[in-house]
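Trainee: The chain contents come next:
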Amino acid sequence: MEAEHAGLLDRLFERLYRRTRSRYLDVLLAINTAGVLLVVTPVYTIPGRVYFGLDGGEWLALLAASEAGQVLAAACGVLIMRRRSAPLIRWLRGAPGADAAAAWSSAVIDLPGTLVRGGVWCAVWTIPASVHMKSISGFSTPGILMWSVVVSLFIAGAGLADYLIFERALRPAVREAFAALPADFEPPKRGLSLRTRLLTILLLLSMFSAAFVSAITMNSTRSLSLDGQMAVTLVTALGFTLTLALALSLLVRESVLTRIETLRRAMWRVDRGEYDARVLPFAGDELDELGFSFNQMVNRLGRHDEELRESRARIVAASDAGRRRVERDLHDGAQQQLVTLRLQLGMARQAAASDPQMAALLDEARAGLSLALEELRDLAHGIYPAVLTTDGLPAALEVAAERCPLSVTVESNGRGRLAPDVEAAVYFCCVEALQNAAKHAGPGAHVRVRLESDPSEFRFEVRDDGVGYDPATLGTSAGMQNMADRIGALGGTLRVESAPGAGTSVVGAMPSDESQGLPR
Amino acid sequence: MIHRPHGATLDDDPAMTKTVLIVDDHAGFRSIATLLVQSAGYDVIGEAADGAEALAAVEQLHPDAVLLDVELPDMTGFAVAEQLAARAYPPAVVLISGRRRTDFGAKLAEAPALGFVAKDDLSEQRLVELLR
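Chains as they are written, first to last, in numbering that gives the first Met the number 0: chain A, 0 to 519; chain V, 0 to 131.
Fair warning: there could be bad hints in the mix.
What the hints assert, rightly or not - Under the rule of at most 25 angstroms between Cα atoms (straight-line distance), these lysine to any residue pairs were calculated in the SDA-like manner:
| # | chain 1 | residue 1 | chain 2 | residue 2 |
| --- | --- | --- | --- | --- |
| 1 | V | Lys-106 | A | Leu-223 |
| 2 | V | Lys-106 | A | Arg-462 |
| 3 | A | Lys-438 | A | Arg-449 |
| 4 | A | Lys-438 | A | Ser-504 |
| 5 | A | Lys-188 | A | Val-251 |
| 6 | V | Lys-106 | A | Glu-401 |
| 7 | A | Lys-438 | A | Arg-462 |
| 8 | A | Lys-188 | A | Ala-282 |
| 9 | V | Lys-106 | A | Lys-438 |
| 10 | V | Lys-106 | A | Ile-259 |
| 11 | V | Lys-106 | A | Ser-504 |
| 12 | A | Lys-188 | A | Leu-329 |
| 13 | V | Lys-106 | A | Ala-230 |
No wet-lab data here; the hints were simulated from the structure.
Predicted model only: the values in this text are computed from it and were never measured.
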């Protein structure tokens with residue numbers, strides 16, 4: 000995994016994680032709860048004393064109510080968070096059947112989400128708390144509203160900080176779960192989006208500024224009546240907040256969010272194999288550095304992919320050429336010698352007609368030679384069938400069908416020949432599928448070989464109606480994997496579909512162009 | 000599947016001994032084939048080792064029949080057969096090969112020839128049957 004910058008906090012959490020791995024979440028929740036109580040207690044109670052002059056019994060009552068509420072909320076919070084993070088806890092404890100993907104989702108999506116919802120609930124409960132404050136203190140409505148705003152803002156700010164710290168504290172567990180994620184893991188799209196995080200920070204910043212501006216405005220408009228003060232303060236604070244929020248969100252959207260989205264789309268395109276995807280650097284900042292790195296990386300990736308594809312195609316072509324050469328050598332060399340020898344033996348047999356013993360010997364020698372010749376032809380045919388070169392794919396597959404012990408039909412909508420390497424790849428793939436069907440489909444199974452071609456694609460399919468199998472348990476045979484590699488080297492695709500009782504299909508597709516068709 | 004080339008049959012003049020040209024790139028096979036053809040009662044009037052030689056020999060010798068290997072160094076036996084069939088008086092063509100019949104697919108059926116014999120199945124009897 001990529002090494003990331005580890006700050007003091009990261010190192011602390013990492014150490015804590017290593018020491019308390021199986022109990023790590025409980026340790027975190029304990030620290031978190033203690034921290035929340037420590038921060039929230041003064042936030043609730045100090046303004047009561049400082050701004051509203053509560054003292055003696057009233058202040059103690061506020062303190063007691065605040066503490067009771069907080070302890071109750073914290074207990075509920077811990078219970079809820081432990082419940083939401085059950086997959087993570089099980090995984091950290093190494094429970095049997097614990098799933099890294101569920102643990103990752105729990106740590107990255109569920110737990111922080113619960114934390115945010117808990118924070119919002121606490122902020123909402125400030126309203127009944129403030130009503131209670133008003134009932135016990137007899138303060139004016141504007142005063143108590145001010146208190147609510149100040150407390151809510153502090154809680155929201157502290158909640159955000161808590162969220163960020165908690166997210167960082169979970170990182171050692173997330174890192175470990177991430178390393179164990181399956182390759183095809185798709186993250187659930189329910190996390191707190193970057194947009195939401197940034198907008199929350201902007202909103203808080205604007206509200207803090209508004210509170211600050213309100214205080215200054217109230218102070219500088221003392222000469223006005225209370226209504227006048229409130230009106231000027233409201234207009235100033237609202238105007239200031241809206242302008243600041245708008246400016247900041249525009250800035251964040253244009254210089255961060257939109258560009259990250261562009262980068263994300265470009266990466267998605269590269270993932271689909273579109274190596275012409277590039278991002279336009281236009282601001283000269285860190286994101287542009289990222290864009291430049293991305294462009295260079297895609298450039299290299301595209302070049303390597305192209306080289307790899309060409310190299311694989313060359314290997315397949317060289318292998319085919321080698322097979323053709325061996326077949327040709329066998330035919331021109333040993334096979335021709337044996338043929339001539341057999342004819343000579345035939346003539347010798349005619350000449351020895353009057354000698355029955357010699358005739359029998361020569362007959363035996365001729366029969367043995369015929370057998371050897373047949374075996375040699377079978378060997379040569381298996382290496383590279385001559386009919387594939389002379390007459391193309393359907394004809395070669397017809398011959399393969401005749402040699403298959405099952406009943407096989409070959410259908411083709413062909414219009415011409417394909418490139419030799421494509422014909423060879425498809426031929427050997429179909430023959431492998433026919434051999435597999437002969438071995439596994441069961442007696443009496445019927446196999447249908449179909450070849451279809453259109454201007455953009457050439458497709459082939461070998462489908463049997465035999466017993467089938469469960470691909471999840473048996474996987475792909477080495478032979479079929481070789482065929483998939485061979486087809487893949489030429490830019491094609493191959494897949495095997497089967498289910499118990501439902502037969503087996505081998506389905507492949509090769510890119511084609513207008514000039515390519517199928518052999519007649 | 001047997002296509003008689005348009006033109007004369009070998010039975011046009013039974014009084015004459017039928018003449019045969021042997022076309023194959025393997026000298027050893029040509030020698031043994033010559034013996035076989037002769038013992039079948041035909042007259043071998045020439046040999047050729049490739050397609051161009053075969054066409055020149057036919058032009059010069061006017062054989063009644065050609066024993067023609069399908070795979071020649073310069074061109075296929077099918078192409079030679081096509082050119083021979085286009086002549087005003089085409090000779091009868093018997094295609095031969097060390098390969099199996101199935102190795103040539105539909106091409107064999109479409110070729111303008113009397114028939115096909117695998118080289119190791121070549122015998123006096125088979126030749127007589129085909130050239131009768």
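Trainee: Against each hint, give a clear statement of whether it holds in the structure.
Mentor: Quick rundown of the hints versus the structure:
no.	hint	verdict
1	Lys-106/V - Leu-223/A	violated (109 angstroms)
2	Lys-106/V - Arg-462/A	violated (28 angstroms)
3	Lys-438/A - Arg-449/A	holds (20 angstroms)
4	Lys-438/A - Ser-504/A	holds (14 angstroms)
5	Lys-188/A - Val-251/A	holds (22 angstroms)
6	Lys-106/V - Glu-401/A	holds (18 angstroms)
7	Lys-438/A - Arg-462/A	holds (14 angstroms)
8	Lys-188/A - Ala-282/A	violated (30 angstroms)
9	Lys-106/V - Lys-438/A	violated (32 angstroms)
10	Lys-106/V - Ile-259/A	violated (62 angstroms)
11	Lys-106/V - Ser-504/A	violated (31 angstroms)
12	Lys-188/A - Leu-329/A	violated (61 angstroms)
13	Lys-106/V - Ala-230/A	violated (100 angstroms)
Checked against the numbered hints above, the structure breaks hints 1, 2, 8, 9, 10, 11, 12, 13 and satisfies the rest.
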